[in-house]
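Take the first sequence: its position 246, counting from 1, is numbered 301 in our numbering, and each next residue is one higher.
Keep in mind that a hint or two might mislead.
Here are the simulated SDA-like pairs of lysine to any residue, each with C-alpha atoms no more than 25 Å apart in a straight line [to be verified]:
#1 Lys427 <-> Thr304
#2 Lys279 <-> Asp310
#3 Lys159 <-> Asp430
#4 Lys211 <-> Asp588
#5 Lys230 <-> Leu220
#6 Lys427 <-> Gln199
#7 Lys230 <-> Phe584
#8 Lys791 <-> Leu767
#9 Lys594 <-> Thr68
#10 Lys607 <-> Asp588
#11 Lys587 <-> Thr639
#12 Lys591 <-> Pro226
#13 Lys670 <-> Asn703
#14 Lys166 <-> Arg200
#15 Lys148 <-> Lys478
#16 Lys393 <-> Gly380
#17 Lys591 <-> Val246
#18 Lys766 <-> Lys803
#19 Lys105 <-> Cys193
#20 Lys222 <-> Lys531
#21 Lys230 <-> Asp430
#22 Lys222 <-> Lys587
#23 Lys222 <-> Gly545
#24 Lys802 <-> Gly787
#25 Lys222 <-> Leu567
#26 Lys393 <-> Asp430
#27 Lys802 <-> Asn813
#28 Lys211 <-> His549
#29 Lys578 <-> Val246
#30 Lys478 <-> Lys670
#31 Lys427 <-> Val246
#32 Lys315 <-> Asp368
#33 Lys670 <-> Asp643
#34 Lys578 <-> Thr304
#35 Lys211 <-> Leu767
#36 Lys230 <-> Gln626
The set of hints was computed from the structure by calculation and includes no laboratory data.
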Amino acid sequence: PSAEGLHIGHTYTYGGADTNGRFQRMRGNTVFEPMGFDAFGIHSENYALKQNINPMQLTARTTKRYRYEQLGRIGAMYDWEHSVDTSQPNYYKWTQWIFVQLFKAGLAIRKEAAVNWCPSCLTVLANEQVIDGHCERCGTLVVQRELTQWFFSITKYADRLLDGLQKLDWPDESKTRQANWIGRSEGAELVFAVEGSDERIPVFTTRPDTVFGATYVVLAPEHKIVPRLTTAARRAEVDAYIESARAATEIERTDAGREKTGEFTGAYAINPATGARVPIWVADYVLVQYGTGAIMAVPGHDERDYAFARKFDLPIVEVITSEVGIADAAYTGPGALKNSGQFDGLSSDEAKTAVTAWLAERGTGEPRVTYKLRDWLISRQRYWGPPIPIIHCPEHGSVPVPEEDLPVLLPEVADFHPTGTGKSPLASVESFVKTTCPVCGGPAERETDVSDTFLDSAWYFLRYPCTEWDDRPFDKERIAEWLPVDMYFGGKEHVVMHHLYARFITMVLHDLGHLPFEEPFKKLRLHGFVTKDGAKMSKSRGNVVNPDDYIKRVGSDAFRAYLLFMGPFDQDNDFSDQNLVGVTRFLDRVWRLVTDPAPTPGTGVELRPMHRYIKRVTDELGRYQFHTAIAALMEYSNWISTHNEAFNAEQRREAIRTLTLLLAPITPFLAEELWERQGGGYSVHQQDWPTFDPAQIVDETVTLVVQINGKLRDRIEAPVGLDEAAARALAGASTKVAPFLDGKTPKKVIYVPGRLLNIVL
RNA sequence: GCCGAAGUGGUGGAAUGGCAGACACGACGGUCUCAAACACCGUUGAGGGAGACCUCAUGGGGGUUCGACUCCCCCCUUCGGCACCA
Numbered sequence: 056p057s058a059e060g061l062h063i064g065h066t067y068t069y070g071g072a073d074t075n076g077r078f079q080r081m082r083g084n085t086v087f088e089p090m091g092f093d094a095f096g097i098h099s100e101n102y103a104l105k106q107n108i109n110p111m112q113l114t115a116r117t118t119k120r121y122r123y124e125q126l127g128r129i130g131a132m133y134d135w136e137h138s139v140d141t142s143q144p145n146y147y148k149w150t151q152w153i154f155v156q157l158f159k160a161g162l163a164i165r166k167e168a169a170v171n172w173c174p175s176c177l178t179v180l181a182n183e184q185v186i187d188g189h190c191e192r193c194g195t196l197v198v199q200r201e202l203t204q205w206f207f208s209i210t211k212y213a214d215r216l217l218d219g220l221q222k223l224d225w226p227d228e229s230k231t232r233q234a235n236w237i238g239r240s241e242g243a244e245l246v247f248a249v250e251g252s253d254e255r256i257p258v259f260t261t262r263p264d265t266v267f268g269a270t271y272v273v274l275a276p277e278h279k280i281v282p283r284l285t286t287a288a289r290r291a292e293v294d295a296y297i298e299s300a301r302a303a304t305e306i307e308r309t310d311a312g313r314e315k316t317g318e319f320t321g322a323y324a325i326n327p328a329t330g331a332r333v334p335i336w337v338a339d340y341v342l343v344q345y346g347t348g349a350i351m352a353v354p355g356h357d358e359r360d361y362a363f364a365r366k367f368d369l370p371i372v373e374v375i376t377s378e379v380g381i382a383d384a385a386y387t388g389p390g391a392l393k394n395s396g397q398f399d400g401l402s403s404d405e406a407k408t409a410v411t412a413w414l415a416e417r418g419t420g421e422p423r424v425t426y427k428l429r430d431w432l433i434s435r436q437r438y439w440g441p442p443i444p445i446i447h448c449p450e451h452g453s454v455p456v457p458e459e460d461l462p463v464l465l466p467e468v469a470d471f472h473p474t475g476t477g478k479s480p481l482a483s484v485e486s487f488v489k490t491t492c493p494v495c496g497g498p499a500e501r502e503t504d505v506s507d508t509f510l511d512s513a514w515y516f517l518r519y520p521c522t523e524w525d526d527r528p529f530d531k532e533r534i535a536e537w538l539p540v541d542m543y544f545g546g547k548e549h550v551v552m553h554h555l556y557a558r559f560i561t562m563v564l565h566d567l568g569h570l571p572f573e574e575p576f577k578k579l580r581l582h583g584f585v586t587k588d589g590a591k592m593s594k595s596r597g598n599v600v601n602p603d604d605y606i607k608r609v610g611s612d613a614f615r616a617y618l619l620f621m622g623p624f625d626q627d628n629d630f631s632d633q634n635l636v637g638v639t640r641f642l643d644r645v646w647r648l649v650t651d652p653a654p655t656p657g658t659g660v661e662l663r664p665m666h667r668y669i670k671r672v673t674d675e676l677g678r679y680q681f682h683t684a685i686a687a688l689m690e691y692s693n694w695i696s697t698h699n700e701a702f703n704a705e706q707r708r709e710a711i712r713t714l715t716l717l718l719a720p721i722t723p724f725l726a727e728e729l730w731e732r733q734g735g736g737y738s739v740h741q742q743d744w745p746t747f748d749p750a751q752i753v754d755e756t757v758t759l760v761v762q763i764n765g766k767l768r769d770r771i772e773a774p775v776g777l778d779e780a781a782a783r784a785l786a787g788a789s790t791k792v793a794p795f796l797d798g799k800t801p802k803k804v805i806y807v808p809g810r811l812l813n814i815v816l
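With the sequences and hints as input, model every part of the structure.
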């Protein structure tokens, strides 16, 4: 509830999901379709700040409006008995419980790290929540800060999260994006000893085969070892450089096109392969969070190192053979090794293993895998979230709140504004902060940060079927019956946030023995965005379309159906109400067809087409192609109109009954009304989905397409089961085809029975 | 730079190697009406032809195939994602 109300994107998504739910139910599946409110978090809180109303009051108001004035009208079959609101104590009690489980398992840890800070939301953010260098919520440029924060060790699950993708029925797009985000890289960690000291600098590389070409070492400016290495003569320059790097934004620092900067520390390291003395530099093109925060620079075979070496006049050695050489640019491709001692002549691929093994024997290297994925920064210096259930004791350190004391209630505060001091508004609530240590009973203080909203939403699917229990987060039997989720309709924006976090939390709970499965969503389909004039809808653009007006004007069925008719569900669709009239006309025609006095029965018609339409609608709904399902329904209703007077009474009844049933998932209200008027009783949504007779699908005649040299020349109605000779005879007799044949002998004839005859001359 | 999706009439889109443009919108013509709206009927990719019909046409260029919107290669454009990730 982060806005005044829902927009048409919600109507679109929920309409599609509900159409699928109703369709599945009519096909005999037991369907659970829940809806709830992700009410905690920055999104709601920022809205409350803008309205200057305490989020507690505002959330109560908005959720009421969403539920009764909006969601209640779109005709979705939500089970409101099993709704959740993440900001209610009976929900966040269990969010806190999950935090405690992770803490006990050593997966929730407090550590100092370079983290993302949003200067507008005045809180830290997880890496996933920084979009193109900007805050996911407010769009402000994010800055880096060294802070002590709570993290979930999602990186420990990197391989599982990656490997698990293979088994999932998810769109390739989302699997690829998650895989790229996890960013597994295989290589080696090599050790460069520091000259004249016991210090050792481990570096990560994916190219251990090029170690003989490593002519200098570069440390990230934040690397802990830098102050210890820097010589007195270089200290002023290096300190100034570190200071300027710290002041720069992530965007500035990670712009690959920018000219390289750096400073020499005055210290030297020893190349473990050559034994050569190589200078140690600091430069911000090396990132402290990735690998070891240090690299061996191989300017001959890495573009960044090449640019750096050229600028600062550092030696460049060629160790991989290539046709192009390294006179003008680094050569980054494969080749044979040169200038590499006993490895000369070996291919770079073979050398990767061989060189690593050789260095490993000497204790200066080992194979290593690293990831782009970073640990999930979970704490927020904000008010509107579940307090992190930890107590800080001077004796016992960070102690989890005992489970029987959960929830740690979020206190009501006079001022909920973020402070900007690096502490949550809760820090100023003395009655909240002051407590006793659960271990020793001595005076202690509560953690005052709240947890990330994405933790609230990382487990709600476990709670939905179990809302009647207050003494457990989820019930084992109920869970086993309903989960994992069979079908998840999600937005693309969730792929490397919510979907990733939900998988992680599910895996952890599985490993701790709480869940019988480790993947939460068996089947996932991404829906597109509804745009307006080609742009994402937003208040600032002033292009937000409110569904309420349309629902008032044409009814929720027509509006829902229209949104689905706009285009493929998984693609972005631009909203314009120009075509809305097409769907309302269609539904008006259906209405008249059913409610107008029946015409005098005719002598009867061939009912086979009805079976074909049933099949088409079923198939299209089965693959979530709602727009083509509606097109098929339009054709079907047109077919009924055309034959309305020819039907005998029984046929007409059957045709109309089928139409009503096929419409039920798409226009639930209308179908119910029409069903009642046919004497169907309550409810159309509890009827069986119409079945088609396969025998009726098979055609009695086919349209034989006749081509000459692949060009269409004639279409001939022909009986089914025609053999090639008969087909050729038929084609030869055609006045359109005969002139082309003109006594010539075909070089080749392709006959696809029942479809096509292609004569190649 | 890397990864992904897409490019088809005036418009939204359909067609998963076999009839390109289903279904709609819009436009044009007509019926109904004093008139309008609604509704209904017809036409509607482009070019040629009196006409039956013919030719061209799915971002551009090549290829595979009897046959390509569909598969392969190269290129262009748009949109998303990732990005000094060693």
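Consistency of the hints with the structure:
{"no.": "1", "hint": "Lys427 <-> Thr304", "verdict": "19 Å, holds"}
{"no.": "2", "hint": "Lys279 <-> Asp310", "verdict": "24 Å, holds"}
{"no.": "3", "hint": "Lys159 <-> Asp430", "verdict": "17 Å, holds"}
{"no.": "4", "hint": "Lys211 <-> Asp588", "verdict": "44 Å, violated"}
{"no.": "5", "hint": "Lys230 <-> Leu220", "verdict": "6 Å, holds"}
{"no.": "6", "hint": "Lys427 <-> Gln199", "verdict": "17 Å, holds"}
{"no.": "7", "hint": "Lys230 <-> Phe584", "verdict": "19 Å, holds"}
{"no.": "8", "hint": "Lys791 <-> Leu767", "verdict": "10 Å, holds"}
{"no.": "9", "hint": "Lys594 <-> Thr68", "verdict": "20 Å, holds"}
{"no.": "10", "hint": "Lys607 <-> Asp588", "verdict": "23 Å, holds"}
{"no.": "11", "hint": "Lys587 <-> Thr639", "verdict": "21 Å, holds"}
{"no.": "12", "hint": "Lys591 <-> Pro226", "verdict": "22 Å, holds"}
{"no.": "13", "hint": "Lys670 <-> Asn703", "verdict": "23 Å, holds"}
{"no.": "14", "hint": "Lys166 <-> Arg200", "verdict": "13 Å, holds"}
{"no.": "15", "hint": "Lys148 <-> Lys478", "verdict": "22 Å, holds"}
{"no.": "16", "hint": "Lys393 <-> Gly380", "verdict": "12 Å, holds"}
{"no.": "17", "hint": "Lys591 <-> Val246", "verdict": "49 Å, violated"}
{"no.": "18", "hint": "Lys766 <-> Lys803", "verdict": "14 Å, holds"}
{"no.": "19", "hint": "Lys105 <-> Cys193", "verdict": "12 Å, holds"}
{"no.": "20", "hint": "Lys222 <-> Lys531", "verdict": "24 Å, holds"}
{"no.": "21", "hint": "Lys230 <-> Asp430", "verdict": "20 Å, holds"}
{"no.": "22", "hint": "Lys222 <-> Lys587", "verdict": "36 Å, violated"}
{"no.": "23", "hint": "Lys222 <-> Gly545", "verdict": "18 Å, holds"}
{"no.": "24", "hint": "Lys802 <-> Gly787", "verdict": "15 Å, holds"}
{"no.": "25", "hint": "Lys222 <-> Leu567", "verdict": "22 Å, holds"}
{"no.": "26", "hint": "Lys393 <-> Asp430", "verdict": "40 Å, violated"}
{"no.": "27", "hint": "Lys802 <-> Asn813", "verdict": "11 Å, holds"}
{"no.": "28", "hint": "Lys211 <-> His549", "verdict": "21 Å, holds"}
{"no.": "29", "hint": "Lys578 <-> Val246", "verdict": "45 Å, violated"}
{"no.": "30", "hint": "Lys478 <-> Lys670", "verdict": "61 Å, violated"}
{"no.": "31", "hint": "Lys427 <-> Val246", "verdict": "21 Å, holds"}
{"no.": "32", "hint": "Lys315 <-> Asp368", "verdict": "12 Å, holds"}
{"no.": "33", "hint": "Lys670 <-> Asp643", "verdict": "24 Å, holds"}
{"no.": "34", "hint": "Lys578 <-> Thr304", "verdict": "39 Å, violated"}
{"no.": "35", "hint": "Lys211 <-> Leu767", "verdict": "61 Å, violated"}
{"no.": "36", "hint": "Lys230 <-> Gln626", "verdict": "17 Å, holds"}
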